[in-house]
Structure formats: structure tokens, C-alpha cells
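K.L.:
We have chain Y already, so just place chain F on it with the hints.
Quick mapping for you: the protein sequence lines, in order, are chains Y and F.
Anchor point for the first sequence: position 334 equals 334 in the working numbering, and the numbering is continuous, going up by one each time.
Anchor point for the second sequence: position 60 equals 60 in the working numbering, and the numbering is continuous, going up by one each time.
Heads up, some of the hints might be wrong.
Pairs count within a copy or across copies, as identical chains cannot be separated in the list.
In silico PhoX-like pairs for lysine-lysine, Cα to Cα no more than 20 Å straight-line [said to hold, decoys possible]:
hint, residue 1, residue 2
1, 232, 343
2, 404, 356
3, 64, 29
4, 64, 25
5, 29, 393
6, 16, 259
7, 259, 13
8, 13, 171
9, 305, 203
10, 64, 51
11, 203, 404
Simulated from the structure, these hints should not be mistaken for laboratory data.
For clarity, every value in this text was computed on a predicted model and none was experimentally measured.
Number of protein chains: 2
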Amino acid sequence: MINYEELFSDNIKSMKRSVIRELLKLTQKDGIISFAGGLPSAESFPVSELKEITNEVYEKYGEKALQYGSTEGLPMLLSELIKLMKDSEKITLKEENISITIASQQGLDLVGKIFLNPSDICIVESPTYVGAISAFNSYRGNMVSVELDDEGIKTDILDSTIQKLKRENKKPKFIYVIPDFHNPAGVTMSLKRRKELVEIASKEKIMIVEDSPYRMIRYRGNNIPSILSLDKENLVIALFTFSKIFAPGFRLGWAVGPKEIIDKFIVAKQATDLCTSTFNQYIAALFLNKGLLKKTVERTIKIYKEKNELMLENLEKYMPKNKGVKWTKPDGGLFLWVSLPEKYDSDKMFQKAIEKNVAYVVGSAFYANGEKKNSFRVNFSYPSKDEIVEGVKRLAKVIDEFVK
Amino acid sequence: MINYEELFSDNIKSMKRSVIRELLKLTQKDGIISFAGGLPSAESFPVSELKEITNEVYEKYGEKALQYGSTEGLPMLLSELIKLMKDSEKITLKEENISITIASQQGLDLVGKIFLNPSDICIVESPTYVGAISAFNSYRGNMVSVELDDEGIKTDILDSTIQKLKRENKKPKFIYVIPDFHNPAGVTMSLKRRKELVEIASKEKIMIVEDSPYRMIRYRGNNIPSILSLDKENLVIALFTFSKIFAPGFRLGWAVGPKEIIDKFIVAKQATDLCTSTFNQYIAALFLNKGLLKKTVERTIKIYKEKNELMLENLEKYMPKNKGVKWTKPDGGLFLWVSLPEKYDSDKMFQKAIEKNVAYVVGSAFYANGEKKNSFRVNFSYPSKDEIVEGVKRLAKVIDEFVK
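Bound-form chain Y, shown alone (with noise of 0.2 Å):
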């Protein structure tokens, strides 16, 4: 017999299957109430406009939409992404700096794939997005976390782990951050740490990934200015994606950068799939090109910010009071995180969750180094309210008897 293990790369052998995507098969089971899946809400899809759009789709461009495409991107795509960016964010791009990606995760990919050599190191927010911790970890990249608080990464610690990396004549390749609505944590960073994290960035010469897949799904307060629109120096390398904002299920996404960065994209993007689907592209050039991106996020924002309005009155109403159970207060995205006091353990009570019919996801899964378990990720997008209500009775109920 052959054996597979003498055969495997040492960068497979590190890599496991995502814990989320485990626990999600646990919490199929009937009667179960899950906050642990990471779903926009079905409703928010603009169906019948795709499928009319769809349609247009194979009547206009029929052959061309069947075909192979750039590894680039469709421009009828790219034009509409510039014009985008140009009223979303104030910024002006060319062509040559925007990569069309496989959703966001692929732009994590790439990302791992350009800057990272085994043992390379990265910083990392604790927590992080647990999809980016199996991305730099498939290239075997050192992450070194960086905790944040309600405003976002702290930017003093981050400055002195880099004096630190420094003086063990180290150097970070990239800072990830997730600045907007950011999952797990759903907290948003503010400008002046933005402004800081720029500075910092600027003055080490390192570069800086900024995730913003729900930075459209705002429901409260002001846009705050994307660490994009605040670089300068061609340090920013930005991760957008169609999945929170039009459908996942058409895995689109795009990265904006300096054209030196996205060139190495479209490199590395060639040798990983030539290119993204053409028919898919079509569809979406068409959806903007129509502006019904705008009423999408609006009827998104409008289900998402009863949900959370609801889940965050009934978090307030149900869970146990002087216990130090604490919650953050998103004003966007899908997520919240719930922390309970530093000695308790959320992986532990999440077979208890499982029992009493509710579910969530282990706050573990989203550090870089398994550094704190007190805390886990709620989803309040997919659930319908009636299930929030319920969900959340539960979970107090769990927590109750757990937190002595």
C-alpha cells in the first residue's frame, strides 16, 4: 500500500479542516437554533432581479459570457468596480489596480501566496476573521496577534510589537485588519486609530490588508474613511467582496492595490484558476451597471438592523445580570461577540449550548494562537426574529448555569 502521509507537503500537514465548517455540521440538527453560521439573511438576495438580469445576460453577450476570460477580469466588471469605488470610497483607480477574485477568501489567499515564505511573520488582530487564519496558515506564515478593543487594533501595542520584532531583527510582512463591523469582534475601528495604524504602517514600510466584506452593511452612525482612502504611500492592499452585498453563491470578490501588488495577484491567480467565471461576471457588471447594488444594500441594511436591534434588546433582557457578561454593540455586518468573565471557557460550554438547542461558534476558532476562549461569535443575519427571540432565551439560560 501506498502511503499518502510520506507524500503530503508540510504545508497540508499543517492545515486543518475549518473548525467552523466542523461545528456547522453539529448544529444541523432539528430544533436547533443556530447563531453559529455566517450567512446573510436569503431575503436580503435580489432574486427576481438576478434572474432577469441573467436572462439579459444570455440574450446580449450568449457566447461570450460562456467563454474564458482574462485572469484580470471582465473590464465591463473592472469599469463598473472604478466607478464604484469612486463614489463609495472617493478613490481613483485604473484598471491595474483591481483584481477580480473568487470572493474574499481567494483575495486571502493570494495575499498568503505573495508575502508569505514558512515561518514569515504577519500581524493578526485577536481575534481575527477565521478565514484568514487558514489562509496565511496554508503557507505556514508566523501570525503574531495584536489585541483590539471597541476602537479597533490597538495601536500602541501594535507599534511596540514591531519595536520588539525589530530589535530580534524581525519584520512583519503585512498587518491584517478587518476595520469595519469586524468579525468576530463587530466592533469598527476608529479614524484615529486608522489614521495610526497608516502612520505606523508608513514609517516600518510594511504593508497593511484591509478586509471590508461588510463595510457597505451599515445601520448606524457615520462611514468612517477606509484605511485605503487614508494611505498615501501605496502601503494598502483592500479585500472586497459580493458576498454580504448581492449573493455569495456567484463567489465574487475584488482586491484594490498598488498596481505592483495586483500584477503579482493576476500572477498568482493565473497558475490557481486562470480565471473567474466570466458568466458570473457578466451578472454582476450588469446588477451595477443598473444600480441595484444601492436598493440591495438598503433592503439589506433595513432586515439586518431589526435583527440586530432585536437580538441586542433581548441580550439586554435575557442574559444573566452581574455575572460580567459582556456584548459588543455592532453598527454594522452580521456578527456580535459575547464574552464572559477570563475563566471561563466557551469552547467547554458549547456542548451545553448544543444541548439546550442553540448554537455558536467557539471564540477559539478566531485566535491567530489560541490566546483567550472566554468569548464566541453570534450570527444575527441568518436567524429569522422569531429564532433570535428564542435563541437568545436559550443561550442566557446556558450561560446562567455555566457562570457560577
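P.N.:
Below, chain F alone, put in the same frame as chain Y:
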């Protein structure tokens, strides 16, 4: 200013833009007849059937089709593929033996990711598919070339190459072959060679990667059993794609292999792109379910057979005689391979071809170790019949002037 070069990984530094994709840009000029692309003929696309099916996807599956899916692939598509593989390859698979991929190129990328550490050896044919060279190169694999002839990879040389490596304490991770209607060589591996290949791999405990994008596009002769179906020891990973039998614009393919390997595919794919487009998978599943693949393949074969015969006829008629020019006579697929006498360099002839308004892909692109330069690849699926006749005339003239 930031110095990007300092930040790039060794992998990306070793990667180049695809020669073919760069050449293709040169061949866009007006009046040029290009045999350079590898595109399927747009006439073969079942546009109206697909339009109908897509509407059905919206009506029947709507929101589901727009949502995230599992990394493994859409269960409905997996079960259609199990049926297809039973019908066409006479093999019995379970879901755990299949992973849906972003067409074959992602299959190649995942093979690289799973098996190759920098400097790890894999064996490739000489010549081999340029996209495989990019994929394996992106992990800095060490590709050892073994030449092929009209019967496919020379198994005696394969064996002696492995023995030689063994004496140096080296062992290849896998042997990569394109047995049916080879790209670029146009040849098909004989049954005898397939059996010898399996025997060698089995004796030496090396995986075989069987790349089968053109297998269903046979227009003469009988099918030869796939290497996958000959293997009794779970040594083979076979890569299939919808690109040549359906439409490349959806970016869909599938990998078949032992469950231990497919499991690693899934883990690696999770970190790469989470999942393949749910929407596109529904379209493919319905397409298969309605029995439309057979009809489309039949139509494709009819179109390609005519073009192939026309090109062979005209090569016979116009190519200079007694100058040692040869070409392969493929029984399927999209490509044939023209060889000049060994001392002539098809890269050098390329400029002259462009001047005469005809294009091909230079042979050097298909050699992992730059071993030869006297051949070049000609595509006959994409150009029209008129273009084939006129293009071959031009090509014959270029060769007649170039080869003394």
C-alpha cells in the same frame, strides 16, 4: 517608499506571467489568424439550453442557489458526477472520492499545494501542459521531464528516470500525465503504456495525476480505459473539467481520487476559496440530470472533427515537402503539434509568423526544463473553417521560408 520586492515570497518571485496569455495579446491585432488560443469553439456552447436551465435554477432553487455551499460541492452535482463516471469510466465512486473544483486549473493548483514542498520532485511529460508547469512552479516544485512519443509517455525512460533518482536518494511525489489528446502534443497514450505506467507507480509507490480535459472529445477510434480505471491501488488522482464539454465560462471541474487525497483537497480548498459557485453548480447539475451533456458532446465532436480533418488535409496539401516538417494527427481534443527539424527554433519563427498574420504557441512554453524549441502548438477548435484553410497556407509559407 516601500520596497515591495523585499516583501514578496520566494514562491511569487519564481512565478511568471503565462507565456501563452502574453502571446495572446500579440495575436489580437486585426487581420491575424490565430491558432494560438486554447478556446473551445463558441458554436459548441448550448446557449439556449443553458438559458432555460438557468431560469429553472432560479425558479426551483432561488435563494439556495445564491447562498454559500459546502467546500465538497453541491450534493446534487456530486451525485450526477457519480452517475457520469459510472457511465463513461465504468468506475464506482462515493461522494468522498470527488471534489468540485474551479475547473482543472484549481485541481492542478491543489495537487501542487498538497504534495509539493520547494524542490520536491514531480515527473511531467516532455512536452506538457503549460498550466501545469505554472501550478507546480508556483510551489517551486522540481519538475523532471520524461519524453513522450506517439504512444504517450515513454515508460522505459520513466522507469530509468525513477531508478536514477532513487540512486540519488530522491523520490518523485507524483507523475503528471495527459493521456488523452495531449495538450500540446495531440497524442494519446496506448493501453500498453497506461498499464506500464500504473505498474511503475504501484511498484515505486508514487501517485499518478491524470489530467483529462479532452477525454470525451474523441472523434475517431475507440476509447482507451482511463488510468483511473486501470488502477487497483488508489494511486490515481484524475482531474476533469466542464470547460471543454460544456462551457469554460462557469469555471467548473471535478477531481476524483482516494478519499484520503480528496479529504486533503477539501481542506486545501477551504483555505483557498471556501467553496465553488453554488449557482454554477446547480446549472451543471441540471444540465447533467437532463441528459444534455451527451447531446452537447456529440455536437462538439462533430464540429471539431470537421475542423480537425480540414486542418490535416490542408497541412498535407500546403506544408513544404522534404524539409522534415512533421505534425501529430490527433483523434480528439483541440490541438496538434507541429515539429520542425531539431535545429530550428519555433520561438524565433514566431515573429515571422506574426508578420505573415498567423499565430501559434511557441513550443518552449510547454517544456518544464526548456529542453526543446523546434515544435509549436496549433489549435483547430476555435478558428473558423475559412481561417483554418487560409491560416495553414500562411503558416506553410512561413515555414517554407524559415526552414532551409
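K.L.:
Please sort residue 64 with residue 25 into within, between, both or neither, judging by C-alpha distance up to 20 Å.
P.N.:
Between copies only: 17 Å across chains, 39 Å inside a chain, cut-off 20 Å.
K.L.:
Which holds for residue 29 with residue 393 at a C-alpha limit of 20 Å: within a copy, between copies, both or neither?
P.N.:
within (19 Å within a copy, 67 Å between copies)
K.L.:
Up to 20 Å between alpha-carbons, please classify residue 16 paired with residue 259: within, between, both or neither.
P.N.:
Classified as between: cross-chain Cα gap 16 Å, same-chain 33 Å, threshold 20 Å.
K.L.:
Within a copy, between copies, both or neither: which one fits residue 13 and residue 171 at a CA-CA cutoff of 20 Å?
P.N.:
between (26 Å within a copy, 19 Å between copies)
K.L.:
Check residue 259 against residue 13 for me: Cα-Cα at most 20 Å, and say if that holds within a copy, between copies, both or neither.
P.N.:
Close across copies (16 Å), not inside one copy (34 Å); limit 20 Å.
K.L.:
Regarding residue 232 and residue 343, is the shortest C-alpha distance of 20 Å or less found within a copy, between copies, in both, or in neither?
P.N.:
neither (43 Å within a copy, 54 Å between copies)
K.L.:
Cα distance capped at 20 Å. Does residue 64 pair with residue 51 within a copy, between copies, both, or neither?
P.N.:
Both: 19 Å inside a chain and 14 Å across chains, each within 20 Å.
K.L.:
With identical chains treated as interchangeable, where does the CA-CA distance between residue 64 and residue 29 reach 20 Å or less: within a copy, between copies, both, or neither?
P.N.:
This pair counts as between: shortest inter-copy Cα distance 19 Å, intra-copy 44 Å.
K.L.:
Within a copy, between copies, both or neither: where do residue 203 and residue 404 come within 20 Å Cα-Cα?
P.N.:
Neither: 47 Å inside a chain and 62 Å across chains, both beyond 20 Å.
K.L.:
Measure nothing new, just compare the shortest in-copy and cross-copy C-alpha distances for residue 305 and residue 203 to 20 Å and report within, between, both or neither.
P.N.:
This pair counts as neither: shortest intra-copy Cα distance 39 Å, inter-copy 63 Å.
K.L.:
Could you place residue 404 and residue 356 in one of the four classes (within, between, both, neither) given a Cα distance threshold of 20 Å?
P.N.:
within (18 Å within a copy, 84 Å between copies)
Checked against the numbered hints listed earlier, the structure breaks hints 1, 9 and 11; every other hint is satisfied.
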